[in-house]
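Novice: These are the residues of each chain, in order.
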Amino acid sequence: DTGVSQDPRHKITKRGQNVTFRCDPISEHNRLYWYRQTLGQGPEFLTYFQNEAQLEKSRLLSDRFSAERPKGSFSTLEIQRTEQGDSAMYLCASSLSEGTHRELFFGEGSRLTVL
Amino acid sequence: AQSVTQLDSQVPVFEEAPVELRCNYSSSVSVYLFWYVQYPNQGLQLLLKYLSGSTLVKGINGFEAEFNKSQTSFHLRKPSVHISDTAEYFCAVSNNFGNEKLTFGTGTRLTIIP
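As you go down the protein sequences, you meet chains A and B in turn.
Be aware that the first sequence starts at 1, since it is given in our numbering, and climbs by one per residue.
Be aware that the second sequence starts at 1, since it is given in our numbering, and climbs by one per residue.
So that you can see chain B by itself, here it is in the shape it has in the complex (with noise of 0.2 Å):
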């Protein structure tokens, strides 16, 4: 079974200041990592994924995220942050065999302030 955890629910940030979003993961086989956006009663989009190679992995909007097996983390940064960031942000885990079924975190609440 696999498990993400996103310990904080809800992080405010001056806008242009930098951010973190922390991830921690379980699992017992080997597994692919994502970051995925919600906006406001929207779906969820895609902002970066690690599946192999590189540990530091860059996506959309000037987010990356390093992956950390030592630490079974994954966490999503930004050295500057803009109103427009503000949304719902999920990691999520899946296994590297099989389907593309995901479990996801409980999410982190990023709110910009002017």
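Next up, chain A with everything else stripped away, as it sits in the complex (with noise of 0.2 Å):
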């Protein structure tokens, strides 16, 4: 397992449109998690899951965000009516509830641009 995985790496699209974007965590990792990082900022927290509970959203995360874990292993955040402001890179990480390590492991991001 060589670490988390997103895709796609980079998506352009036109106002309005919506995009998906997937996350496979490292395997034997229960949680998952979402950040959107905006140029010249540090990662902001959206959304994380349990397994496929979603255990916490946060208040960035509007009505046209929307995060799914049905099986508990891959993720994916669609943005529906993507405006310019939704233009960021969006960062998922994983880790394991049990153990004392409460290290988080990031993927290498999805840009967006909504052009």
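The set of hints was computed from the structure by calculation and includes no laboratory data.
Please read all numbers here as calculations on a predicted model, not as lab measurements.
Watch out, some of these pointers could steer you wrong.
To be verified - One-sided excerpt, in silico: chain B residues whose CB lies under 7 Å from chain A: (1) Leu46; (2) Pro79; (3) Glu88; (4) Phe90; (5) Phe104; (6) Gly105; (7) Thr106; (8) Gly107.
Said to hold, decoys possible - Computed beta-carbon distance windows for the label pairs: (9) A/Pro70 - B/Ile83: 25 to 33 Å; (10) B/Tyr39 - A/Glu28: 37 to 45 Å; (11) A/Ser62 - B/Gln2: 20 to 28 Å; (12) B/Ser54 - A/Leu96: 19 to 27 Å; (13) A/Glu28 - B/Asn68: 31 to 39 Å.
What the hints assert, rightly or not - Some chain A residues near chain B, calculated using beta-carbon distances under 10 Å: (14) Arg9; (15) Arg31; (16) Gln50; (17) Met89; (18) Leu91; (19) Phe105.
Ideal Cβ positions, reconstructed from N, Cα and C, are used throughout, including at glycine.
If you follow the hints, you should be able to join the two separate chains into one complex; please do so.
Specialist: Quick look at the structure:
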């Protein structure tokens, strides 16, 4: 297993279109996180899953955003009716809930550009 | 609520010189502290973490950080930097119960001058 993978790495879309990002976590990790990073800022928490349950959502996650993790493995983040303000890097991370390592392993991100 | 302040948005340093990147945090509960590095067009990689125990933490690539509870700081240091250390560095905090949700600072861009 080579780590967290995200697809696509880059997405350019027109305003109003829908986009979907996929994240495949490290296989034995039961927790999965989505973050958004805009230019010049640190990553901001969007939501996280433990197995297939979505346990927390940030107020940043408007009703145009939806995330799923249907079988407790990969996750998708969908943005409907994209706006220019959605342009950002979307980062996925995974972790194990057991143990004391408390480390998030990040993927390389999916960069979204909304024209 | 927790917050992280990285006062220095950019730090230029000559190659082989020492560097310190500053991080201060605010939290009403006990915290875990982290430093992540982000190279251009890549995700974040953990440099080091403080969970408990010794306040001086050593990480990868020769970096270390010291947790100072009274000053609510977790500054990152390296005695001699290399060109390959050019990157964005993020300090982050999480509470010490529940999940691993991180609150990040705004980052410090470290530029190494040859």
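Novice: Run every hint past the structure and note whether it holds.
Specialist: Hint check:
Annotation: interface hint on B/Leu46 holds; nearest CB of chain A at approximately 6 Å, less than 7 Å. Annotation: B/Pro79 was flagged as interfacial toward chain A, and the flag is violated, the nearest CB pair being 25 Å apart, outside 7 Å. Interface restraint check: B/Glu88 against chain A, minimum CB-CB distance 9 Å, threshold 7 Å, status violated. Restraint check, B/Phe90 versus chain A: the minimum CB separation of about 5 Å is within 7 Å; hint holds.
Of the supplied interface hints, the one on B/Phe104 holds, with its beta-carbon coming within about 3 Å of a beta-carbon of chain A, less than 7 Å. Look at B/Gly105: its Cβ gets to within about 5 Å of chain A, closer than 7 Å, so that hint holds up. Satisfaction of the interface hint for B/Thr106 is found here, the shortest Cβ-Cβ separation to chain A being roughly 5 Å, below the 7 Å cut-off. With a least beta-carbon distance of about 5 Å to chain A, the hint placing B/Gly107 at the interface is held under the 7 Å criterion.
The hinted window of 25 to 33 Å between A/Pro70 and B/Ile83 is violated, with their beta carbons roughly 45 Å apart. Against the hinted window of 37 to 45 Å, the Cβ-Cβ separation of B/Tyr39 and A/Glu28 comes to about 26 Å, which falls outside the hint. For A/Ser62 paired with B/Gln2, a C-beta distance near 23 Å keeps the hint of 20 to 28 Å intact. Between B/Ser54 and A/Leu96 the C-beta distance comes to about 23 Å, which sits within the given range of 19 to 27 Å.
Against the hinted window of 31 to 39 Å, the Cβ-Cβ separation of A/Glu28 and B/Asn68 comes to about 35 Å, which satisfies the hint. Restraint check, A/Arg9 versus chain B: the minimum CB separation of about 9 Å is within 10 Å; hint holds. Interface restraint check for A/Arg31: the shortest CB-CB distance to chain B comes to about 7 Å, inside 10 Å, so the restraint holds. Evaluation of the A/Gln50 hint against chain B yields a held restraint, the C-beta minimum of about 8 Å falling below 10 Å.
Interface hint status for A/Met89: upheld, as the beta-carbon distance to the closest one in chain B is roughly 9 Å, under 10 Å. Interface restraint check: A/Leu91 against chain B, minimum CB-CB distance 6 Å, threshold 10 Å, status holds. Contact between A/Phe105 and chain B, as hinted, is supported at the beta carbon level, the nearest pair being about 8 Å apart and thus within 10 Å.
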